[in-house]
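*Asks:* Chains as they are written, first to last, in full-length UniProt numbering: chain A, 1 to 299; chain B, 1 to 436.
Check before you lean on any hint, since a few could be wrong.
30 Å max Cα-Cα, derived DSS-like pairs, lysine-lysine [to be verified]:
| # | chain 1 | residue 1 | chain 2 | residue 2 |
| --- | --- | --- | --- | --- |
| 1 | B | LYS433 | A | LYS70 |
| 2 | B | LYS3 | A | LYS86 |
| 3 | B | LYS18 | A | LYS111 |
| 4 | B | LYS410 | A | LYS206 |
| 5 | B | LYS18 | A | LYS114 |
| 6 | A | LYS87 | B | LYS19 |
| 7 | A | LYS89 | B | LYS19 |
| 8 | B | LYS18 | A | LYS127 |
| 9 | B | LYS19 | A | LYS134 |
| 10 | A | LYS86 | B | LYS19 |
| 11 | B | LYS3 | A | LYS114 |
| 12 | B | LYS18 | A | LYS117 |
| 13 | A | LYS128 | B | LYS3 |
| 14 | A | LYS127 | B | LYS433 |
| 15 | B | LYS422 | A | LYS86 |
| 16 | A | LYS87 | B | LYS422 |
| 17 | B | LYS19 | A | LYS127 |
| 18 | B | LYS18 | A | LYS128 |
| 19 | B | LYS18 | A | LYS87 |
| 20 | A | LYS89 | B | LYS3 |
| 21 | A | LYS111 | B | LYS3 |
| 22 | B | LYS433 | A | LYS17 |
| 23 | B | LYS433 | A | LYS206 |
| 24 | A | LYS70 | B | LYS410 |
| 25 | A | LYS128 | B | LYS19 |
| 26 | B | LYS3 | A | LYS118 |
| 27 | B | LYS18 | A | LYS134 |
| 28 | B | LYS430 | A | LYS206 |
| 29 | A | LYS87 | B | LYS410 |
| 30 | B | LYS422 | A | LYS117 |
| 31 | A | LYS89 | B | LYS422 |
| 32 | B | LYS410 | A | LYS17 |
| 33 | A | LYS70 | B | LYS3 |
| 34 | A | LYS134 | B | LYS3 |
| 35 | B | LYS430 | A | LYS87 |
| 36 | A | LYS86 | B | LYS18 |
| 37 | B | LYS410 | A | LYS86 |
| 38 | A | LYS17 | B | LYS422 |
| 39 | A | LYS206 | B | LYS422 |
Treat the hints as calculated values from the structure; they're not laboratory data.
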Amino acid sequence: MNILTITALNKSYGDHKALTDVDLTIPRGGVYGLLGPNGAGKTTLIRIVNQIIEADSGSVLLNGEQLSSKHIRNIGYLPEERGLYKKMKVREQLLYFAQLKNLSSSQAHEKVDKWLKKLDIANWAEKKIEDLSKGMAQKVQFISTVIHDPELLILDEPFSGFDPVNAEIIKNEILELKSQGTTVVLSTHRMESVELLCDHIAMINKSQKVLDGSVGEIRDQAKTGTFMVELLPDGLPFPAHWEMVRQQEGKWKFKALLEGREPNELLNEILPFGQVIGFTEMIPTIEEIFIQKVKETTP
Amino acid sequence: MRKIFLVIQREYLARVRKKSFLLTTILTPLVFPAILGLFLWISTSESGGDALRIIEVVDETEAFFLESNGEFAFSYSDLPADKAKEMVVAGERYGFLHIPPLELERPEGILFYSEKSAPMGLISELEGELKRKIEEIRLYDSGIDPLLIKQLKTNVNINSITLEKGGVEKASNSAINYGLGFFLGILIYTFIFIYGNQVMQGVIEEKSSRIIEILVSSIRPFELMVGKVLGIGAVSLTQFLIWILLMTTISTVVMGYFGMQMPQQQAMEMAGGEAAEQMMASGQVGQFLVAMQGIDFVALIFTFLFYFLGGYLLYGAVFAAIGAAVDSPADAQQFMLPVTIPLMASYFGLFIFILDDPNSQASFWLSVIPLTSPIAMVGRASFGIPAFDLILSMTLLIVGFLFTAWVAGKIYRIGILVHGTKVNYRTLWKWIKQSN
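Please work from the sequences and hints to get the whole structure.
*Replies:* This is how it looks when you write it as structure tokens:
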């Protein structure tokens, strides 16, 4: 079953179209990447799911139900623009956020203690945010997002502003939450971080969804049947229908196309030319697929 | 509802726990009397001994005698004018009053020389003194004995009594009413600005530290705004309560020290008789106390609290909207006009119309229009307000608050998520019109 079903969503700010007829289904479990350049409409989409703003038209279903204020409890949200009350103590602040998410006071206390221990900042519970290092404040920020055990976790540019060590800690926490069954929606314009984390992705460009599906499927579909071959030549001339990439130290490095054949058939064609020392299918990265898609959709 | 309460609680505790809250709460009631005392002390010490100012008087009519007082001493001589002027320049004399030969019907040509420009008070005092002398001389010349005139002079003091329905008589004293109206009006004016500003600062803080988006994913923006305004309102009430307690304690101690009874106590003892009889029976202090007794303090405090809260809530919502529309306190300046203009209008209205005549047309309108009524109505409160005016004004204030909160909510909801864009009145209007 899908945790989130978005149908024909539209949103404009004055004359500016932020979302145009966006359909999106996010399956339960796993990490869902929401990709697109800055200003594509990701944050607008996320804000609508978080009920911060309302869509002009279209529907959003959470577990098959029309989104309403009772679902605040089910969603955790880490916005791109985020912060904490600098003058408030860590524990107080987390308790406040937890109770705003509809947790009772005793539930809130329990969860706060659990998470402070888990992320190793229990000793800092009575310190004010302004006295904390940036990395520690980021941990507090992350806890505030997941304190109420949401089944849907929405992270907008989660790694921006995190130093590498803390980014790693947060990444591991995300993967752990995923393994416990939490659905994570991750929005980013940095594609390279996506391939490692995401199971599914959707790409948004200029207010429209241009592509979605599982990462494997998308990359399979984007394959062009091009192989990168490295070969020590036997003296035959280089055939014109292959594309030479580099020729150095008596080695050829070139691209060859399957053109409907099986890889072994291509290999058979190459073998007479010398000793094959490398034969790899060139699968485009998500970033390349994205750039390709953007080119296709922008006239 | 639970979430609004959570916000109120946070806003309240975050402020009340601050050291600065404790400090201002305790110091403010002490600072104002201290400043007043300092001025009094300076002014009394100024008029003492060494500060005595000598004024050289050259009176060519030889008809006037000015009596020296604590501040000025008059030295009489027939020095030539040049000589006297030199003394002034040399600093030996504070001033030089030259009275040339005069026609008593048209006394002209009297001159006062001084090195610095003469204080208004001194000139009018000299004028008054000379006028009195000239009148005395002229009365004498027309055959009336000045002594007789002195005997005939009478001081009149009208004691005013307000008649209430059912024939109850209440002593009133327009000076006390004026003073109370003045004091309470200024108090509301000041507090609306102080606490309204706190609301605005709070909103700007949440916006600039980027907490706001986390908050509004858990709570509706309108609830957040209402919670913030109410929370800070609760802080202000706490502060008031402490001040009232502090001042009652201090005044009890001070009055006890000077062997005076509390006015209320004395007034209580006097209660029972007809106000007029009490007035007749008692002297100056007694009259003051009876007039104080004539003021319904419970009603006054209730009116004050109602209008303070109503005014604060109405303007607090506007302050919240302003905070939401801008990125920093400096940007807020451009939107302060809708707040400052009605508040200034009520402030001046208080002096020009209300304290002058609390029942005039202008006073009526100022005290029923929600934007001006919080200040205007407490100015009228101590004079006694007709029930119709009060009910109308209170109803309109509640309606006004609901309306501004609704409009402010629309601006707030959109403004809090807008960063780094120049916002002007046109943008605000667009936000208000936007349906969601």
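*Asks:* If a hint holds in the structure, say so; if it doesn't, say that too.
*Replies:* Evaluated hints:
For the suggested pair LYS433/B and LYS70/A, the alpha carbons sit about 28 Å apart, so the restraint of at most 30 Å is met. A C-alpha spacing of about 21 Å is found between LYS3/B and LYS86/A, which places the hinted pair at or below 30 Å, so the restraint holds. Note on LYS18/B and LYS111/A: the hinted pairing holds, with a Cα-Cα distance of about 28 Å set against a maximum of 30 Å. Taking the CA atoms of LYS410/B and LYS206/A, the gap is near 28 Å; set against the 30 Å cutoff, the hint holds.
Between LYS18/B and LYS114/A, the direct Cα distance comes to roughly 29 Å. Compliance with the 30 Å bound is thereby established for this hinted pair. Among the hinted pairs, LYS87/A with LYS19/B is consistent with the structure: their alpha-carbon atoms are about 13 Å apart, no more than 30 Å. Restraint check for LYS89/A and LYS19/B: satisfied, since their Cα atoms lie roughly 16 Å apart, inside the 30 Å limit. Between LYS18/B and LYS127/A, the direct Cα distance comes to roughly 15 Å. Compliance with the 30 Å bound is thereby established for this hinted pair.
Pair hint LYS19/B plus LYS134/A holds up; C-alpha atoms about 26 Å apart against a cutoff of 30 Å. Taken as a hint, the LYS86/A and LYS19/B pair is honoured in the structure, with Cα atoms around 16 Å apart against an allowance of 30 Å. Proposed proximity of LYS3/B and LYS114/A is supported: the alpha carbons are some 23 Å apart, at most 30 Å. At most 30 Å may separate the alpha-carbon atoms for a hinted pair to count; LYS18/B and LYS117/A meet this at roughly 29 Å.
A distance of roughly 23 Å separates the Cα atoms of LYS128/A and LYS3/B; the hinted pair therefore holds under the 30 Å criterion. Simply put, LYS127/A and LYS433/B have alpha-carbon atoms about 44 Å apart, too far for the 30 Å limit, and the pair is violated. At roughly 26 Å between alpha-carbon atoms, LYS422/B and LYS86/A fall within 30 Å of each other, so this suggested pair holds. The hinted pair formed by LYS87/A and LYS422/B meets the criterion: a straight-line CA distance of about 29 Å does not exceed 30 Å.
Of the pairs offered as hints, the one joining LYS19/B and LYS127/A holds, with about 17 Å between alpha carbons and a cut-off of 30 Å not exceeded. Straight-line distance between C-alpha atoms of LYS18/B and LYS128/A comes to about 13 Å, which keeps the hinted pair within the 30 Å bound. The hinted pair formed by LYS18/B and LYS87/A meets the criterion: a straight-line CA distance of about 10 Å does not exceed 30 Å. Distance check on the hinted pair: LYS89/A and LYS3/B sit about 20 Å apart at the alpha-carbon level, within 30 Å; holds.
Proposed proximity of LYS111/A and LYS3/B is supported: the alpha carbons are some 19 Å apart, at most 30 Å. Proposed proximity of LYS433/B and LYS17/A is supported: the alpha carbons are some 18 Å apart, at most 30 Å. This hinted pair checks out: LYS433/B and LYS206/A have alpha carbons roughly 26 Å apart, not beyond 30 Å. Taken as a hint, the LYS70/A and LYS410/B pair is honoured in the structure, with Cα atoms around 23 Å apart against an allowance of 30 Å.
Restraint check: the Cα-Cα separation between LYS128/A and LYS19/B comes to about 15 Å, which is no more than 30 Å; the hinted pair holds. About 28 Å separates the Cα atoms of LYS3/B and LYS118/A, which keeps this hinted pair within 30 Å; it holds. At roughly 24 Å between alpha-carbon atoms, LYS18/B and LYS134/A fall within 30 Å of each other, so this suggested pair holds. For the given pair, LYS430/B sits about 24 Å from LYS206/A by alpha-carbon distance, which is consistent with the 30 Å threshold.
Simply put, LYS87/A and LYS410/B have alpha-carbon atoms about 28 Å apart, close enough for the 30 Å limit, and the pair holds. Among the hinted pairs, LYS422/B with LYS117/A is inconsistent with the structure: their alpha-carbon atoms are about 44 Å apart, more than 30 Å. Proximity of LYS89/A to LYS422/B is assessed by CA-CA distance (about 34 Å); at most 30 Å being required, the pair is judged violated. Taking the CA atoms of LYS410/B and LYS17/A, the gap is near 21 Å; set against the 30 Å cutoff, the hint holds.
The hinted pair formed by LYS70/A and LYS3/B meets the criterion: a straight-line CA distance of about 13 Å does not exceed 30 Å. Taking the CA atoms of LYS134/A and LYS3/B, the gap is about 29 Å. The hint holds against a cut of 30 Å. Annotation: proposed proximity of LYS430/B to LYS87/A is violated, straight-line Cα distance about 35 Å (limit 30 Å). Note on LYS86/A and LYS18/B: the hinted pairing holds, with a Cα-Cα distance of about 14 Å set against a maximum of 30 Å.
Taking the CA atoms of LYS410/B and LYS86/A, the gap is about 27 Å. The hint holds against a cut of 30 Å. A C-alpha spacing of about 20 Å is found between LYS17/A and LYS422/B, which places the hinted pair at or below 30 Å, so the restraint holds. Restraint check for LYS206/A and LYS422/B: the C-alpha separation of about 24 Å stays at or below 30 Å, so the hint holds.
Hint compliance for this structure: hints 14, 30, 31, 35 are not met, and every other hint is.
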